[in-house]
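> Below, each chain spelled out in residue letters.
2 protein chains.
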Amino acid sequence: MNVRIALTGFGNVGQGLATLLRDRNELYERRYGVRFTLTGVRDRSGAVTDPHGLDFAALLHAKSEQGTVAAGANDMERDVPTFLEASQAQILVEAASTNYVDAEPGWSYVLGAIDRGMDVVVASKGSLALHWNELMGAAKAAGRHVLYSATVGSPVPSLQLAERVLVGADILGFEGILNATSHQILTAMSQGASYAEGVRQAQEMGMAETDPTLDVDGWDAAAKVLIVANAVFGSSLRLDDVRRQGIRGVGAQELERAREANEVIKLIGRARLVDGKVVASVAPEQRSLDDPLGRLRGDAMGIVFDTEPLGRMAATDEPAGGYGGGVTTAMTVIRDLINLARDRGWTRPPTA
Amino acid sequence: MNVRIALTGFGNVGQGLATLLRDRNELYERRYGVRFTLTGVRDRSGAVTDPHGLDFAALLHAKSEQGTVAAGANDMERDVPTFLEASQAQILVEAASTNYVDAEPGWSYVLGAIDRGMDVVVASKGSLALHWNELMGAAKAAGRHVLYSATVGSPVPSLQLAERVLVGADILGFEGILNATSHQILTAMSQGASYAEGVRQAQEMGMAETDPTLDVDGWDAAAKVLIVANAVFGSSLRLDDVRRQGIRGVGAQELERAREANEVIKLIGRARLVDGKVVASVAPEQRSLDDPLGRLRGDAMGIVFDTEPLGRMAATDEPAGGYGGGVTTAMTVIRDLINLARDRGWTRPPTA
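The listed protein sequences derive, respectively, from chains A and B. Just so you know, we're using the working numbering here: the first sequence kicks off at 1 and counts up by one. Just so you know, we're using the working numbering here: the second sequence kicks off at 1 and counts up by one.
For the record, the hints were derived by calculation from the structure and aren't laboratory data. Treat the hints with caution; some may be incorrect.
Partial list, computed: chain B residues near chain A (C-beta under 7 Å) [to be verified]:
#1 Pro155
#2 Pro157
#3 Gln160
#4 Arg164
#5 Val167
#6 Leu289
#7 Asp290
#8 Leu310
#9 Ala315
#10 Thr316
#11 Asp317
#12 Ala320
#13 Met331
#14 Ile334
Calculated Cβ distances over 10 Å to all of chain B for the following chain A residues [to be verified]:
#15 Gly11
#16 Leu60
#17 Ser64
#18 Ala71
#19 Ser97
#20 Val101
#21 Asp102
#22 Asp115
#23 Gly173
#24 Glu204
#25 Met205
#26 Asp211
#27 Gly251
#28 Arg344
Even for Gly, the Cβ is constructed at its ideal location relative to N, Cα and C.
Here chain A stands alone, though its shape is the one from the complex (with noise of 0.2 Å):
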């Protein structure tokens, strides 16, 4: 069956999203019964939509020759409904720059889709940060579906461990490294670069912003960490709730203890019930080597979730090489797609 799908956002995530369905979009249709098309784009400069299925290639040569989807198209179409009736989609994938002082323009496409009763996948953080219990509250009430696992570490599966394995038993806590960025540099670090030397390293790697202050301060690990544990515990934290120390702050002199102890200094992002209540945090901690977070190179991430009665059930992941983060985040945006389509009844039955 065909899906329609209308993207807000046309950056590596959205680039990535329209590249891979670019080159696996029949393999989709062989496996699954699905075939995706994206029926609206929309950047900062502007939008295109055709209900009838845009061209992968055509946007991304746009993109990459005049740095938006949009050269011609009427400006009406930014407009949230316009743009939205427009693209006659089904679901919404929300994939703009995440913004936490107001999580916009993400946050109107959100409700808006859920307004028109469409199903959202989020890729962006800034809506869920900020109004987990409005988003969550207007999706139940229209009886929509939203999913948001490409913005907790992808492609570290932490929600789908909760929802499909720990089933049954009770999550006691978990701990994570969520950050790629503020891992690779405190890599570095700790093989004896200096904190201003491994942010130049991880910007030339392209992981880093020009601006690192959302991941070297810790913003989008405690973001993650706020996710993952509303998702899990049904709480309803906000960025506020999740006490914060970033790397700025780790000196030559801790690293070299570490080192001195065969150990690592990660930075974790945890959160624990602890007396009903969740405690939430991101912080560097020493780790050791054999420890399931502690073992993992710079580009990996990995999530631990504390047990009863199953104990320590990891989960981690080690890029391939060639990739960038756009297309590792964009193949969870497709994860989401592919499961929303199952659970929506749009695929083939996977055996048949």
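On the provided structure of chain A, position chain B as indicated by the hints.
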């Protein structure tokens, strides 16, 4: 909603299931809106049925006092159709001892349940290892669900990773530590114990049978490789198709060589697509301590998927103290039961 279960086999796993349901059923009703009742239980000596639900504590008491749930029960109920009819169950949980010769008595119950329009949760590997195609074909033709995550190195989520997490990606192969008993014995041997001492220790810990053949010669690990490979690659491997080398042949010299390299020997099950064909094997391998499988202590298990484009995705489980293998496997059965109830629409939505 009330979900009626018929259970065949009342050993460690069956008793673990009754214990968990006795202790946690009210929690599940609160959390998922589903209440599980055992309406039929069959062990080696007979069967009891009550479509209104058997008492969990009374079943456990009868087993421990009289060695069977069936004292005084009508012998007719051991007959497959009579037992299933008398139970009025919607789901069969098949947890009898695994048998790789004819997969009986479990196989007759599984087929009988599908014939009656029941869904099936399989915790015993015989039916899958010997009759994969026939079982999956019968279930598909009847529109029945067959879940079997307890058979593949529970509670490691091998099947859930493949189905819900790696969806959309390509799985190139996987490797895992899938048999706890041989893992425990090898760990003791790497700490200086002889093979015979390792087996005796594992027997004292309740992990090894009097005849440990199925574990130490790799049969159990090979069956698990087969099940994961068939599920993931859509293949139809049988037990004979898995090249198999157990741990009896691991010598002191090999162990010493690994120790000198600061590495360990693990029994690794693996399967991989090679020119479109699935190549599967079980054999001891030397691993480094920072490898996701090499780092695992003797009672832990894990699996690593090699994927494109997501790289290496690993899941491991390190059990908490105080629980036997029966309880953790039973917990995996409950995972399947709740996921099945969700897929059938028998649960409340998670956010309701």
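> At 10 Å, judged by beta carbons, does glycine 173(A) keep clear of chain B as stated?
holds (13 Å)
> Is the interface hint for isoleucine 334(B) satisfied, with its Cβ closer than 7 Å to some Cβ of chain A?
Hint on isoleucine 334(B): holds, closest Cβ of chain A at ~4 Å, below 7 Å.
> When the nearest CB of chain A is found for methionine 331(B), is that gap smaller than 7 Å?
holds (6 Å)
> Confirm or reject: arginine 344(A) is not an interface residue toward chain B, with every Cβ-Cβ distance exceeding 10 Å.
holds (13 Å)
> Verify that the Cβ of methionine 205(A) lies farther than 10 Å from every Cβ atom of chain B, and report whether the claim holds or is violated.
Holds: least Cβ distance 16 Å, greater than 10 Å.
> Determine whether the non-interface label on glycine 251(A) survives the test: each CB of chain B must be over 10 Å from its CB.
At roughly 26 Å from the nearest Cβ of chain B, glycine 251(A) sits farther out than 10 Å, so the non-interface label holds.
> Minimum Cβ separation between aspartate 102(A) and chain B greater than 10 Å?
Fine: 25 Å to the nearest Cβ keeps aspartate 102(A) off the interface.
> Classify the hint on threonine 316(B) as holds or violated, based on whether any CB of chain A lies nearer than 7 Å to its CB.
Holds, because the Cβ-Cβ distance from threonine 316(B) to chain A comes to roughly 5 Å (cut-off 7 Å).
> Since leucine 60(A) was said not to touch the interface, does its Cβ keep a gap of more than 10 Å from each Cβ of chain B?
Label holds. Min Cβ-Cβ 17 Å, cutoff 10 Å.
> If we take the beta carbon of aspartate 211(A), is the closest beta carbon in chain B still more than 10 Å away?
holds (28 Å)
> Determine whether the non-interface label on valine 101(A) survives the test: each CB of chain B must be over 10 Å from its CB.
holds (27 Å)
> Do the numbers back the hint for leucine 310(B), that is, is its least Cβ distance to chain A under 7 Å?
Since the shortest Cβ distance to chain A is 5 Å, the answer is holds.
When the structure is compared with the earlier hints, no violation turns up for any of them.
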